[in-house]
Structures are given as structure tokens and as C-alpha cells.
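Here's the letter readout for the chains.
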Amino acid sequence: MSNAILMESGGSDIDFMIHGLFPVNFFGNEVWITTSHVCILIVMLLMLTLAVVGHFKMKRATEVPDGLQNLLELLVEKLDGIVYSTMGKIAAPKYANYILTIFVFIFFSNISGLFGLRPPTADYGTTLALGLITFSLIHIAQFKNLPLKQIWKDMCSPLPPWLPIWFPINLISEIAVPISLSLRLFANVLSGTVIMALVYGLLGKLALIWPAALHVYLDLFSGAIQTYVFCMLTMTYISQNYEME
Amino acid sequence: MNITGHDLIMACSAIGAGLAVIAGIGPGIGQGIAAGHGAAAVGRNPGAKGDIMSTMLLGQAVAETTGLYGLVIALLLLFVKPLG
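Quick mapping for you: the protein sequence lines, in order, are chains H and P.
Start counting the first sequence at 264; every next residue gets the next number (the numbering used here).
Start counting the second sequence at 6; every next residue gets the next number (the numbering used here).
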């Protein structure tokens, strides 16, 4: 009986799945343009606008910063500080741009749930792509900086290099890096999306103002923490292949 | 009331989803231990509060991953329905 009351108050509009909008023909295959694509486009347009406006703002930069200039300087200085303290002086200048970009992208994506969008990071395609970019960067840095002998030695690590029994296990642990990185981000954002959809769908008219507190925790706090963690782990994994001084 | 094979699979999937989120116990204990040690460290050395905070949050977020794997399995069983 209580179940029936619960169902009546909210109806069956519990909705947190990805929706296909329209199909396109892609080399003979039917590919659906989904809500994730649209949300990524919106986030991208936001980032582009910020970049263009920020560019013109910084051209007319004043001695005493105001408004947007303040925000941009704060963002770049803080991020540079974190990257330099984590990666060391050699690797940091090469990766500071990339870290800032993924930081802003993941952060905007995570908090886009606040504005009624479905967060693009709650789609495994997006986060797997981010994880694979990190994975490629790690291994490009590895092959550029370490000699092949050293890499082989690391892959057979607890045993001597001429006895590669541990090689498959180390290989699996290398492959697990992008999977765990992407699943962590995906599952965190998805759990927030699911909880919010359940609250709005099941409680219906009862969910009036108080879900704002849930939004602050699940979208803002959790999203910011996961953004920080993703960038931090990316930096740590990449800087393992550089010599810290 | 007839229970078809499909119904049985759906019911067992729901039970399995419930069992899968028991994985949340482990990260709960781990995050509690990390937070406790973080609080103790801030008590000993209040000057290093910022560093301790960021290290603690990073460790907790990494420890959370195993619980989230359980959540992903539960959501897969409930909504993607790989078995039936």
C-alpha cells in the first residue's frame, strides 16, 4: 500500500538514462547523437566563451585586477602552484596547460547537473576517453624519458630482468590505470545523478527547496573533489616517469 | 501466479544488486580510518592543515573506488539487465 502512495505522488518519471536524440549515418553505421553529446557541446561552448572573453580581458589587463581578471589569475596561479608542487620543475611546464584544460572541462561537466543538464561525465564514453588520454600521456612520457632497459626492468620489477614471471601481472596493473581512473569519475558522478533523479522522481511535489542541500553535496562538493582527484592522479602517474629534483 | 524464467532472472538480479552494494562497507571503514588519522595529525601539527586535508581527501577518494565498483555492478544489474 505504501508503495502505491509512493508511486502515485511521483509518477513514473524517474529518469536518469542517456537519451538518443536523432540517428546519423556514419560510414554505413547508425550512430545516435545522445544527450551527452549535446551537453559536451554546451560545456565546450562555455569553455570557448570563457577563453575568448578571458583573452580580450587579459589584453586590457590592469595593475589592480578586477572581476574576471581576478578569477582567471586566481585559477591559473592556483593550478600552476599545484602542478609545480606535484610534478617538479622539469615536467610541470609541459603539462600545466593540459591539466588546466581537463580541470576546467571536468569541473564544468560535473557541476552541469546544477543547471538541469545530464552531466557528460556520467557517461562512460566521456570518462573512458579522458582515462585513455591520460594513459597515452603516461606511456609517451615513459618511452621518451626512460631507456628501454629501464622500462623492461620496471615491468619485471620484484624479480630480476631475466626472469619475467611478474611481467603479465605488471602489465595488468598498467592496463588497470585508465579503467580505474575513468570508472572512479564515472561512478561518482553517476551516483549523484541517480540519487537526484530518485529524489525528484519518487518524492515529486514533496521535493521543493531542500534538495538544494543535496545538490551542494552531490554536484558541487563531490564534483570538485573528483575533479581534483582525477587531475592529481594524472599528474602523479605522469611524473613517475620524470626525474624529480 | 506464474513465475516465468525471465521474472526469476529479474528477481535474482535485484537481490544481486542489493548484495553488490554491501561493498560500501569497506570504503566506509577505510575513509573513517583516514579521517580519524587526519584529525589526529591536525591536532599534532595544526600548521600543516592544508597539506593534511588534501592528502586525506585524495586518499579517501581513491579508497572510495572499490565501493563504487560495487555500485556500478548494482546499477548494471538493475538498469542494463545483462542477464535477461
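Keep in mind that the hints were calculated from the coordinates and are not lab data.
Fair warning: this is a prediction, and the values are worked out from it, not measured in the lab.
Careful: at least some of the hints might be erroneous.
Label pairs and their in silico Cβ distance ranges [unchecked claim]:
# : chain 1 : residue 1 : chain 2 : residue 2 : range
1 : P       : Thr60     : H       : Met310    : 26 to 36 Å
2 : P       : Pro51     : H       : Asn292    : 58 to 68 Å
3 : P       : Asn7      : H       : Ala475    : 40 to 50 Å
4 : H       : Leu311    : P       : Ile8      : 27 to 37 Å
5 : H       : Asp343    : P       : Phe84     : 25 to 35 Å
6 : P       : Thr9      : H       : Leu311    : 46 to 56 Å
7 : P       : Ile38     : H       : Ala487    : 22 to 32 Å
8 : P       : Gly29     : H       : Ile305    : 43 to 53 Å
9 : P       : Gly41     : H       : Phe290    : 24 to 34 Å
Backbone N, C-alpha and C define an ideal beta-carbon position, used for all residues, glycine too.
* Against the earlier hints, flag every one the structure doesn't satisfy and list their numbers going up. => The structure breaks hints 4, 5, 8 and 9; every other hint is satisfied.
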